[in-house]
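Enquirer: Turn these sequences into a full structure, and let the hints steer you where they fit.
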Amino acid sequence: MTWATPECLLIAALIIPLAAALLIPLFHRWPNLRETVTLIAAVLLCLTVIALLGPVLSGVRPQWSGVEVLPGVAFAFKLEPLGMLFALIASSLWIVNSIYSIGYMRANKEPRQTTYYVCFAIALASTMGVAFAENLFTLFLFYEMLTISTYPLVTHRRDSEAMASGRLYLILLLGTSMVLFLPAIAATYVLAGTIDFAPGGILGGKASGATMVVLLVLYLFGIGKAAVMPFHFWLPAAMVAPTPVSALLHAVAVVKAGVFCVVKVMVMIFGVDALAAAGQSGWLTVVAGTTVIVASVVALKQDNLKRRLAYSTVSQLSYVVLGAAILAPISVVGAAMHIAAHAWCKITLFFAAGSIYTAAHLTEVSQLNGIGRRMPWTMAAFAIGALGMIGVPPTAGFLGKWFMLTGAMQTANWLAVAIMVVSTVLNAGYFLPIVFRAFFRAPPEPTHDAHGGHEVHGEAPWPIVLALTATAIGAVALFFLPQIPLALAQMMIGR
Amino acid sequence: MTAVMPHLPALQIVVPLLGAILAGFLRRGPTAFAVALAVSWLMPFIAGALLWQVLGGGSISYRLGGWQPPYGIEYRVDVFNAFVLMLVSVIGAVTMPYARRSVAFEIDEGRQAWFYCMYLLCLTGLLGITITGDAFNAFVFLEVSALATYVLIAAGRDRRALLASYQYLIMGTIGATFYVIGVGLLWVVTGSLNFVDVSARLAEAATVQPRPVITALAFLTVGVSLKLALFPLHSWLPNAYAYAPSFATTFLAATATKVAVYLLIRLYFSVFGPTLNFQKLPVSELIIGLSIAAMFAASFIAIFQTNLKRMLAYSSVAQIGYITLGIGIANKAGLTGSIVHLANHAVMKAALFLALGAVFYRIGSVKLHDLSGIGPKMPLTMAAFVVAGFGIIGTPGTVGFISKWYLAVGALNEVGWPLVLVIMASSLLAVIYIGRVVEVAWFRDPSPTCIGASDPPLSMLIPLLVLTAATIWFGIDTQWTAGIAGKAAGMLVGGLK
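Residue numbers (my numbering), protein chains in the order written: chain U, 1 to 495; chain F, 1001 to 1497.
Rather than coming from a laboratory, the hints here were simulated on the basis of the structure.
The structure displayed is predicted, hence computed values, not measured ones.
Be careful, since some hints might not be right.
[What the hints assert, rightly or not] In the DMTMM-like style, the derived pairs of lysine to aspartate or glutamate whose C-alpha atoms are separated by at most 25 Å in a straight line are:
#	chain 1	residue 1	chain 2	residue 2
1	U	109	F	1439
2	U	78	F	1477
3	U	206	U	196
4	U	206	F	1477
5	F	1367	U	159
6	U	109	F	1445
7	F	1332	F	1477
8	U	109	U	364
Expert: Printed below as a string of structure tokens:
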């Protein structure tokens, strides 16, 4: 096993999804073989990432450096704890998402499935690149690659609505990254002389308070994937995509890459201590808190299930930003935990929404009366996901919120405490009615109109049910077994 | 070998010049093509040897006809023009195999030999402007390349090209006239035409007669800016590029404006720079202002073009804005951005025009709506278009990003925040005009015109793919592009007052 050095595994984790992307088109004519490639790659990737976990937990930081692209900036990777956590989430969810995709894409007879699986694999390779990047250049490269590789997925339907949403998706994500994120990187380079991530940050003592504010604003809004208002429009618009793509955007890769970048920049570019010393917590709390509350209120009013989930994501992402913005070490740990928790809970919710669409062709919340009786597995999983998002124990969502609250109390950031309390109430307000409808309202009388709107249906195909049950179990398991993410999150801040 | 080495600077010019005459005499298209191919493939070796020598140390001075400078004509090679020589030669060598089928398809049989003859003359002119150390000799080569270019543009069957060529002839002549007036004024005040000599005498002349020196600077700026299509002196370019034969467009877009930019940088930094303080003249502000206008206005116009060659032509005007912006910033990072973008833009814009040429070869049109759904029909061609398009946008991992990075760092050091945001905002317009084509080509149902289309023959496909690969390669491994550009910029900025 001498070949399996952490460095080799690191490179393997980048190459496996890329190799899958090259192999998948070769099996275009044989869908079963094609999906086997995806599944094998997903399992291999997950195993590779898990094999890296041991070394990382024992303090090894595998790294690999390529050519020097810009003076002092190489194309380079280095695995640190937060990246490890993100890679773990993304690679494990790729497996369930692939199983779900097979069920969903076949049941709905979606066209262009080869393109779909290829883009999916490239998106995963980009995600690994984002997670492993040693410096802002490498991070930015894979960040843009992720945007571009998910564009064909968002526009999967190719009709005018999908294309319009795709345009918005591309313009907002590329636009924010090029106009705000990249200048911030260049400015960091000019100020600090480097853009390598370092524990404790690289800007401490190099930038004045005002410069820091400008830079933070550029980073916070420039990382459009974190969907901080007002740059969140792309996320609800991208809902036209097939449900597994929504799961990719909301749980596996895209928005997770966004908040991952925000947390990483705050911790390893600015440094939590430097930011706290410069007194930046206040306005950051306001910016993140506004998004948390406003997005929740908007979510309350959405009748379309996927749109409601989308606004819920916008709100939950800013939770992560808020956790980092409190600038207490424990709340940053909470932010990292919440990335994991949100991933498992939100993917469950999206899987459930897709399951309902596949089995019953229903998309609106108001149509879901009594659906829990026909689709007990789906709606039970949905309930678990919803409880997780509200933060009720014993689900994963509780832990992150708990750490963030503790941090907010420690730093006497009462505004943050209030935001979290109010938003929890709002979360309950937009999730619990769905669960209530599904289980306790009587199903509508069967109608016999031309469309046969409410024909008798049962659960969705088994791969879909299998996937969403697995993620629901994961969402609960994360509560009882939080050691790994917790250990990684604590290593990130160096305690 | 040792007998040839000292004469490489002369051979760089003499070989294509003789080749042009030979191609003209041969009269038959295929044989003329063979001559053009042989010459084009020889050029990078000569340019490479020169680059190798100057990277080893110092500059090369070659006395043409053995006459001592400043009385005779001197060819002077340093890191900067060796880099440009290499660029022009390599573009010629890589794209030349593409010409055979493309030219046979687009140009009448009787004119094909003349086309190759003119291509070689144009190459001679461009290499000549780059290599010479003499202001008047540069004017001669400017005219050689320009006259050949007028013919190249008008050589196809599209009759609109005649008007475009005529328009360029008028504008080009005005530009050349302005240039020669500027050179004349310099000669009056310094008594010399040799760049190095003029530069050395200018300090004294400027104290005695400052006004003619400033006037010369103004005439030279306008004259060369016309040639390099600096906004708003770009009006000749879109039509010329849109209606010229595909190969001519590709070659000119990749090299002609670049060489004019070279001349401007040479005049500013090597001739006037050591004497005049650019910060005190409005040159810097003027160039930055016009560059920003080019980046926005031309990109914006590009969004609305339905003829894709025209769209790319406007994109070129915008990209030239990036190049001149770095001249205006005038520090090492900014100028590195400019010089490296000469090469980077040449590579990716050539790839884009070659892709469109391949489309034209297959379906006989480059109108946007005719390209509907052509992506899956010509997968390699249109994939190359997408990758090169990413380069224009400036996505990281492509050459476009490298240029933008240096410009941004240069701007941060010199001018400040707002300019950086402006640079980045303008590339957002590129997302729109490139994205529009990608969307139509890849995400729409096939139009009737492209039902039977397929990727072009290998002789056309390989040059396209090589340039596309270079778009990625030099976006990651930058030692041969940004590395050399950085050396050149350091040398040029080091000489400034």
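Enquirer: The structure should be examined with respect to each hint, and the outcome stated for every one.
Expert: Hints and how they fare:
About 24 Å separates the Cα atoms of residue 109 of chain U and residue 1439 of chain F, which keeps this hinted pair within 25 Å; it holds. Distance check on the hinted pair: residue 78 of chain U and residue 1477 of chain F sit about 20 Å apart at the alpha-carbon level, within 25 Å; holds. At roughly 15 Å between alpha-carbon atoms, residue 206 of chain U and residue 196 of chain U fall within 25 Å of each other, so this suggested pair holds. Proximity of residue 206 of chain U to residue 1477 of chain F is assessed by CA-CA distance (about 30 Å); at most 25 Å being required, the pair is judged violated.
With a CA separation close to 22 Å, the supplied pair residue 1367 of chain F and residue 159 of chain U stays within the 25 Å bound. Distance check on the hinted pair: residue 109 of chain U and residue 1445 of chain F sit about 19 Å apart at the alpha-carbon level, within 25 Å; holds. Using a Cα cut-off of 25 Å, the hinted pair residue 1332 of chain F and residue 1477 of chain F holds, with the two alpha carbons roughly 20 Å apart. For the hint linking residue 109 of chain U to residue 364 of chain U, the alpha-carbon distance of about 22 Å falls within 25 Å, and the restraint holds.
In summary, the one numbered hint that this structure violates is 4.
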